[in-house]
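A.B. asks: One letter stands for each residue in the lines below.
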Amino acid sequence: MADVIQTVQSKFPGAILEIVEYQGERTLVVQPGRVRAVLGHLKQSEGFNFLADISSAHWPEEGRIDVVYIVRSLKSREQLRIRTPLPIEDPVVETVSDLWGTADWLEREVYDLMGVQFTGHPDLRRIMLPEDFEGHPLRKEYPMEGDDEWRNYVPPETRENRE
Amino acid sequence: MTEMNRERLDLNTDVITVNMGPQHPSTHGVLRVVLKLDGEVVLSAVPDVGYLHRGIEKIAENKTLHQVIPYTDRMDYLSPMSNNIGLAMAVEKLIGFQITERCRVMRVICMELARLASHLLWLATDALDVGAGTVYFYAFTEREKIYDIFEKMSGARFTVSYGRIGGLARDWPEGLEREIETYVAQAHKTIDECDKLLTRNKIWIDRNQDVGVISAEKAIDMGLSGPPLRACGVEWDLRKAYPYLGYERYDFEIPVGEHGDCYDRYLIRMEEMRQSIRIVQQALKEMDRSIPLFPEDPESRKVFLPPKDRVLTKMEELIHQFIVATEGPKTPKGKEIYFAIEAPKGELGFYLVGSGTNVAHRCHFRAPSYINLQALPILIKGAMVADCVATIASLDPVMGECDR
Amino acid sequence: MGVKTLDQPDQELDRQTREDLQMVKGGVIFGSLSKLVDMARKNSLWPMPFGLSCCAIEMMAMVASRYDLARFGAEAMRFTPRQCDLMIVAGTLTKKMAYAAKRIYDQMPEPKWVIAMGVCTTTGGMFNAYSVVQGIDHIIPVDVYVPGCPPRPEAVIYAVMKIQDQVMKEKWAPLGKRSHHGHYRGRDPKYGALPLLDTGVKAEVKGYQEEPGSPTWRKGYYTG
Chain A
58 MADVIQTVQS KFPGAILEIV EYQGERTLVV QPGRVRAVLG HLKQSEGFNF
108 LADISSAHWP EEGRIDVVYI VRSLKSREQL RIRTPLPIED PVVETVSDLW
158 GTADWLEREV YDLMGVQFTG HPDLRRIMLP EDFEGHPLRK EYPMEGDDEW
208 RNYVPPETRE NRE
Chain B
8 MTEMNRERLD LNTDVITVNM GPQHPSTHGV LRVVLKLDGE VVLSAVPDVG
58 YLHRGIEKIA ENKTLHQVIP YTDRMDYLSP MSNNIGLAMA VEKLIGFQIT
108 ERCRVMRVIC MELARLASHL LWLATDALDV GAGTVYFYAF TEREKIYDIF
158 EKMSGARFTV SYGRIGGLAR DWPEGLEREI ETYVAQAHKT IDECDKLLTR
208 NKIWIDRNQD VGVISAEKAI DMGLSGPPLR ACGVEWDLRK AYPYLGYERY
258 DFEIPVGEHG DCYDRYLIRM EEMRQSIRIV QQALKEMDRS IPLFPEDPES
308 RKVFLPPKDR VLTKMEELIH QFIVATEGPK TPKGKEIYFA IEAPKGELGF
358 YLVGSGTNVA HRCHFRAPSY INLQALPILI KGAMVADCVA TIASLDPVMG
408 ECDR
Chain C
14 MGVKTLDQPD QELDRQTRED LQMVKGGVIF GSLSKLVDMA RKNSLWPMPF
64 GLSCCAIEMM AMVASRYDLA RFGAEAMRFT PRQCDLMIVA GTLTKKMAYA
114 AKRIYDQMPE PKWVIAMGVC TTTGGMFNAY SVVQGIDHII PVDVYVPGCP
164 PRPEAVIYAV MKIQDQVMKE KWAPLGKRSH HGHYRGRDPK YGALPLLDTG
214 VKAEVKGYQE EPGSPTWRKG YYTG
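Protein sequences appear in the order of chains A, B and C.
Whatever position you read off the first sequence (first residue = 1), add 57 for the numbering used here.
Whatever position you read off the second sequence (first residue = 1), add 7 for the numbering used here.
Whatever position you read off the third sequence (first residue = 1), add 13 for the numbering used here.
Excised from the complex, chain A in its bound form (with noise of 0.2 Å):
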């Protein structure tokens, strides 16, 4: 485990910027614009064959958005964590839905849910919510209940018959 993150940091220098431990479990903090190529790099030399979870965090205090990517080699059985945090002004990161594709429909939670936009996704759409919800629901300001109002709702058909 030691040496892929110190292959990581030779391969990428400045791109770590933070190594976090707890539980047994270690979580690489990536610069953004660099994750794709970390991940990348550890997939196609290090082994990690398996994607795991795509996920996100909201802070708001802080005024990010953390992308967690949890990846894992079936082989060696590690299991690395990288986290990207996001400006919340314009979450953007670059998607790695052509490395795995698992990370497709993940990227699209993400992005459902959380508002954070992959760049290159073949196929960023709503996933989990109506295609005309507005408003991104995990994020800490929006409130649970969500509004009262069943906004821009206008079934399919209704919407058909009065064009």
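Derived pair list, reagent style DMTMM-like, types lysine to aspartate or glutamate, alpha-carbon separation capped at 20 Å:
#1 Lys132/A to Glu224/B
#2 Lys100/A to Glu82/A
#3 Lys108/C to Asp55/B
#4 Lys43/B to Asp180/A
#5 Lys152/B to Glu167/C
#6 Lys100/B to Glu135/A
#7 Lys108/C to Glu191/A
#8 Lys70/B to Glu202/A
#9 Lys247/B to Glu82/A
#10 Lys100/A to Asp155/A
#11 Lys225/B to Glu103/A
#12 Lys342/B to Glu118/A
#13 Lys342/B to Glu75/A
#14 Lys203/B to Asp213/B
#15 Lys309/B to Glu99/B
#16 Lys100/B to Glu255/B
#17 Lys132/A to Glu242/B
#18 Lys152/B to Asp81/C
#19 Lys342/B to Glu119/A
#20 Lys100/A to Glu224/B
#21 Lys108/C to Glu202/A
#22 Lys108/C to Asp189/A
#23 Lys342/B to Glu78/A
#24 Lys247/B to Glu278/B
These are computed hints drawn from the structure, not numbers from a lab.
Given chain A, work out where chains B and C should sit, using these hints.
C.D. replies: This is chains B and C only, laid out in the frame that chain A set:
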């Protein structure tokens, strides 16, 4: 094959788009698949999920960790036990809590019974979708017996909410071990019976073999987990890879397939049920009532709810109960963990971020159904319409977990 | 309606009836045709299992061997709404799904009944979230609510029996329109029981006026 048929019959068909779901008997809930068909051949399939998106992750950020447990029941509602206990273990990892040995054994038994119940329901619905109605009744009769056991454990037959941070909701009633033992001793009978009905059945083989094939590389790329991954020949089980709850002590095997088709997924789940029975039998031997269910040291006791009988008889336990129920364990601020269990559907992961209070800052669930379902377009491309049903059934998606 | 036989005392049978009975040599059931239709309907309900989430599994258990809904003549579960007269809505209804639910209800032929199974269907239950409809009676009228999360199969069987009672109260309607309606919260709780929900029949509802402040989605839903 299909090309050949078309040439021979000189058929000229248009491409039509068929909407399957969200209300369809064989989509296992509210999955919607938009199929592009050329005659009977599926040209492309686009799954549309989110029809059961209930915002569990958002709710979990607004409730104390104890309050989140009932919501996990409704995620994978075929095996609520493993979800509850999985979340409890993730929280324990986040706050650094050690459970007792007996609790560990009881959790193993609960989780394996849940796997048995979940796979039985999968068997019922899969067979029903493919056209074998009898198995449905056999499997449900068997499932009712597991429900009875769960009811004696937790008071509820279906959504049990039995897992608790630091332990379990309550101790088992007297003599439940014997009951589980007698149940488990005969549980293989139904499985054998269904085995006889299906495994060598010509129709079943025709409907399932070489249907929904995926290669091992593609399966890893698509992030499949659980039986669909093992059916491709990848020996990957979190119970062996990252043992939790002392699974390394039990003697069980991971069934691995070869072809990655629906038939292999069927065989693997059947074998997993038998292995679960083995694990339960071994765990029952380790069950020792002299060990307490909860740890006794005062620091640990700030985490879990005290047992009900003590709450009703002792003042300080009542105060303690009040504090734990209203506040609950504090999560460390900014710390994050990812903890995954081998749920019946695959890898059920919990990504928790602490907030410094009793509410998790972020609570993300890695739902195996969601990620397994993503491979559906690959699995059914070029297949027949009827194969679509068999493939969806063999992936065993649960929409409650998929959409969360 | 009553059963009349030749064994009954003379004063209970008029002459015509006595002659009829002698002619058919046995018992005859007298009653309105409406009652006969209701009786037939009551004992052969065709439920449309609208399984959305967890409750659907308990609904499946209800049909399976231990609880066996066939005892009440309602085991013919059909997944096409056009063949059914009882809709069992089992599970959480989300806003994305609501449109499908309404459309399926509209496709069912009259007369039709609805069971809201479980608290999620009834009121949104524990899911007080941005994406969940807080009760299916905002969308379609409900005849029987079953509490529980999920309700036990016995509870749903009881609900089916309650529906059977309601079926017996059904008046004869040649066009198949129902005389009795379930609870519909709809646009305004004031109009608890709107006679019909089909689009375009709004003008027929007596005393109904569009509230200026009523939520847009509900307006959009029915004005069609």
